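Peer 1: Now for the letters of each chain:
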Amino acid sequence: MTSRWRQLTHGLLFISPWVIGFSVFYLYPFFATLYYSFTRFTGIGNPVFTGLSNFDGLVHDATFRTALFNTCYYTVIEVPFSTVVALGLALLLNLNVRGQAIYRTLFYIPSVVPVVASSLIFVWVFQPSFGIVNSLLSDIHVNGPAWFFSITWSKPTFILLGLWGVGQPMVIYLAALQGVPREMYEVAALEGAGPWQRLRRVTIPMISPVILFNVILSLVLSIQYFTQAQVIESPPGSPGTSTMFFVTYYYQQAFTDLHLGYASAMAFLLFVLVLIVTVVLLKTSSRWVYYENDHR
Amino acid sequence: MTTARKIRASAAKHAVLIVLSAMFALPLVWMVGTSFKTAQQALTLPVVWWPHPLEWRNYPQLFASLPFVRFFLNTFAYAAITIVGVCISSSLVAYGFSRLRWPGRDAVFYVMLMTMILPFVCTLIPLFILYKHLGWIGGYLPLEVPTFFGSSVFSTFLLRQFFMTIPNSLSEAARIDGANEFYIYSRIILPLAKPAMATVILFQFIYCWNDYLGPLIYISNQNDYPLSLGLALILGDYTTNWAWVMAGATAATAPIVILFFLTQRTFIQGIAVTGTKG
Chain R
1 MTSRWRQLTH
11 GLLFISPWVI
21 GFSVFYLYPF
31 FATLYYSFTR
41 FTGIGNPVFT
51 GLSNFDGLVH
61 DATFRTALFN
71 TCYYTVIEVP
81 FSTVVALGLA
91 LLLNLNVRGQ
101 AIYRTLFYIP
111 SVVPVVASSL
121 IFVWVFQPSF
131 GIVNSLLSDI
141 HVNGPAWFFS
151 ITWSKPTFIL
161 LGLWGVGQPM
171 VIYLAALQGV
181 PREMYEVAAL
191 EGAGPWQRLR
201 RVTIPMISPV
211 ILFNVILSLV
221 LSIQYFTQAQ
231 VIESPPGSPG
241 TSTMFFVTYY
251 YQQAFTDLHL
261 GYASAMAFLL
271 FVLVLIVTVV
281 LLKTSSRWVY
291 YENDHR
Chain Z
1 MTTARKIRAS
11 AAKHAVLIVL
21 SAMFALPLVW
31 MVGTSFKTAQ
41 QALTLPVVWW
51 PHPLEWRNYP
61 QLFASLPFVR
71 FFLNTFAYAA
81 ITIVGVCISS
91 SLVAYGFSRL
101 RWPGRDAVFY
111 VMLMTMILPF
121 VCTLIPLFIL
131 YKHLGWIGGY
141 LPLEVPTFFG
151 SSVFSTFLLR
161 QFFMTIPNSL
171 SEAARIDGAN
181 EFYIYSRIIL
191 PLAKPAMATV
201 ILFQFIYCWN
211 DYLGPLIYIS
221 NQNDYPLSLG
231 LALILGDYTT
241 NWAWVMAGAT
251 AATAPIVILF
261 FLTQRTFIQG
271 IAVTGTKG
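Chains R and Z, in that order, give the protein sequences.
Following my numbering, the numbering of the first sequence begins with 1 at its first residue and continues without gaps.
Following my numbering, the numbering of the second sequence begins with 1 at its first residue and continues without gaps.
One thing to keep in mind: the hints can contain errors.
[What the hints assert, rightly or not] Here are the in silico distance ranges between beta carbons for each label pair: (1) Z:P46 to R:Y290: 30 to 38 angstroms; (2) R:T50 to Z:V32: 49 to 57 angstroms; (3) R:F49 to Z:F261: 33 to 41 angstroms; (4) Z:D106 to R:L281: 19 to 27 angstroms; (5) Z:P103 to R:V279: 23 to 31 angstroms; (6) R:S138 to Z:V29: 12 to 20 angstroms; (7) R:R198 to Z:P103: 30 to 38 angstroms; (8) R:T152 to Z:P255: 58 to 66 angstroms; (9) Z:P103 to R:F81: 26 to 34 angstroms; (10) R:S16 to Z:F261: 38 to 46 angstroms; (11) R:S138 to Z:I166: 55 to 63 angstroms; (12) Z:V111 to R:Y290: 41 to 49 angstroms; (13) Z:P103 to R:I151: 51 to 59 angstroms.
[Said to hold, decoys possible] Quick list of in silico lysine to any residue cross-link-like pairs, SDA-like style, CA-CA up to 25 angstroms: (14) R:K283 to R:G99; (15) R:K155 to Z:K6; (16) R:K283 to R:V272; (17) Z:K13 to R:L219; (18) Z:K6 to R:V180; (19) Z:K132 to R:I44; (20) R:K283 to Z:K132; (21) R:K283 to R:L219; (22) Z:K13 to R:Q168; (23) Z:K6 to R:P181; (24) Z:K194 to Z:L259; (25) Z:K194 to Z:V145; (26) Z:K194 to Z:L213; (27) Z:K13 to R:V272; (28) Z:K194 to Z:E144.
[As the list claims (entries may be wrong)] Examples of chain Z residues toward chain R, derived with CB under 10 angstroms: (29) L28; (30) S90; (31) V108; (32) N221; (33) A232; (34) L235; (35) T250.
Since the hints were derived computationally from the structure, they do not count as laboratory data.
Because the structure is a prediction, the values reported are computed rather than measured.
Glycine included, every Cβ here is placed at the ideal spot set by N, Cα and C.
Kindly produce the complete structure, drawing on both the sequences and the hints.
Peer 2: Structure follows, in structure tokens:
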């Protein structure tokens, strides 16, 4: 046995749990989903091949278009906002403020609150008549909207709920900021760079790989937004269809209506969407992401 | 900068931070305050922030009307089993991806990382059908078994990062002494990786505590509900009694917040490592 061969068998032996898991829990079901997306299937009996009819149906499905729109709406606003807020808080905490640990803890705590609990809390905080937000608004003579129960405001309220959990990326950005060598700021200051220039020319480039990683992760999660909407809105998707997100509609098609072929077609489109977004981000990242040593 | 300007700048920073902290803390204060109100007090205008006297009975009443103790126990069982699965499989896989050199290793590692961005719906229906054939629907097996097969990419990644920081000379010395790889893994590397394992255990526990989607899909019997599903139940059942809803939310949140304070260092480092070394 050559040593190269031995190395390979050893390596594969150690990763074999994952290889099995990958084949059974990812590879097989992924291709099965792809196959189902070309069939009519209710889970009982065999799938019936119907060609592209599911995709054709989706193109003409108004609810699907709404779900796609709602998901894009949420993603396009939530991801930039939460990135800017997380980065802003991290920069603020990085200014050597006294009591940094206390503030960091206060900003971080909401992101350890279980997702169902935080959903319940927000329903109550934004409750139209007795919630604290509308009560505070009425103190300054503003008539607060119905938030989660208003067609116009439901999605923005979910975005606010998302922003409350910004502590996770904030901690990551803070760690990255603390890793930027102090000398770089000193050199920049010596060369006459003001605070704004130091931020744009030193800080942001230095932590840009971390920003990229977190933006991709939060994009992928936002596109699959589901849990909070499912907990809060009853019936799911209400009021109107304003909180019918992509996965909300998928869940309804798959587990309520048992349109498994149709739902699989949706799942496949979601995969394509995530893939496009990730590839575009990675491809354009070379313009704004800076890697210190180029051998990544 | 003059001292006066320094003080002013510092005051401004703190003013901004205090206002922001208040905004982040408000929902939690409002939650705990409401959980001590009577049902009527919760629906009183102008609002009461902190009731007087405190109504403690919401908690025992809630626990008496819903099998909350069961929900907690179910969650603990779910967490315990998956923690075992993750610790075994992720450490083995992480070892294979870090302490051993073999052709194609990094390419396979990237494939593993890519599964993180695969939407869960892309595998859900075939898996559901598979579990149905196996008779697993209704129980926790669909959520537990995959963790024994390296399904927690996050944990594997975190352990790999840690394993790579252990000097290679340790393994080399053991190999010269004739130790096999499994011995090196279990007797040398794992004992050194205790801090990283602690992080993995902590995050897996929180993952289970939080997990709503998995149980929503697979658990059907109310007695088998984990905390997350049980909690969502109160909103449906007692929409009008906000004091109960908030008592439930507080009961679900408090243990995790306490855990956070007890393990703050592990916590923050764990997040920072996985988030910045990507």
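Peer 1: Are the Cα positions of K194 (chain Z) and E144 (chain Z) separated by 25 angstroms at most?
Peer 2: With a Cα-Cα distance of about 23 angstroms, the restraint between K194 (chain Z) and E144 (chain Z) holds, given a limit of 25 angstroms.
Peer 1: With the threshold set at 25 angstroms, check whether the alpha-carbon distance from K132 (chain Z) to I44 (chain R) stays at or below it.
Peer 2: With Cα atoms ~11 angstroms apart, K132 (chain Z) and I44 (chain R) stay inside 25 angstroms; holds.
Peer 1: So, as I understand it, the hint says A232 (chain Z) touches chain R; can you test that by seeing if any CB pair is closer than 10 angstroms?
Peer 2: holds (5 angstroms)
Peer 1: Taking the beta carbons of P103 (chain Z) and V279 (chain R), is their distance inside 23 to 31 angstroms?
Peer 2: holds (27 angstroms)
Peer 1: For the hint 33 to 41 angstroms, verify it against the beta carbon of F49 (chain R) and that of F261 (chain Z).
Peer 2: violated (57 angstroms)
Peer 1: Falls inside 19 to 27 angstroms, the C-beta gap from D106 (chain Z) to L281 (chain R)?
Peer 2: holds (21 angstroms)
Peer 1: Take the C-alpha atoms of K194 (chain Z) and V145 (chain Z), compute the straight-line distance between them, and say whether it is at most 25 angstroms.
Peer 2: holds (24 angstroms)
Peer 1: Taken at face value, is the distance from the CA of V272 (chain R) to the CA of K283 (chain R) at most 25 angstroms?
Peer 2: Roughly 16 angstroms between the alpha carbons, so the hint for K283 (chain R) and V272 (chain R) holds.
Peer 1: Given a hint of 51 to 59 angstroms, does the C-beta separation of P103 (chain Z) and I151 (chain R) actually sit inside it?
Peer 2: Holds, at about 57 angstroms.
Peer 1: Given the hinted pair K194 (chain Z) and L213 (chain Z), is their Cα-Cα distance within 25 angstroms?
Peer 2: Roughly 30 angstroms separates the two Cα atoms, so the pair is violated.
Peer 1: Next pair to validate is K13 (chain Z) with Q168 (chain R); report whether the Cα-Cα distance is within 25 angstroms.
Peer 2: Holds. K13 (chain Z) to Q168 (chain R) sits at ~22 angstroms (cutoff 25 angstroms).
Peer 1: For the pair supplied as a hint, K13 (chain Z) and V272 (chain R), is the alpha-carbon distance within the 25 angstroms limit?
Peer 2: violated (44 angstroms)
Of the numbered hints listed earlier, those contradicted by the structure are 1, 3, 7, 8, 9, 12, 14, 15, 17, 20, 26, 27, 32.
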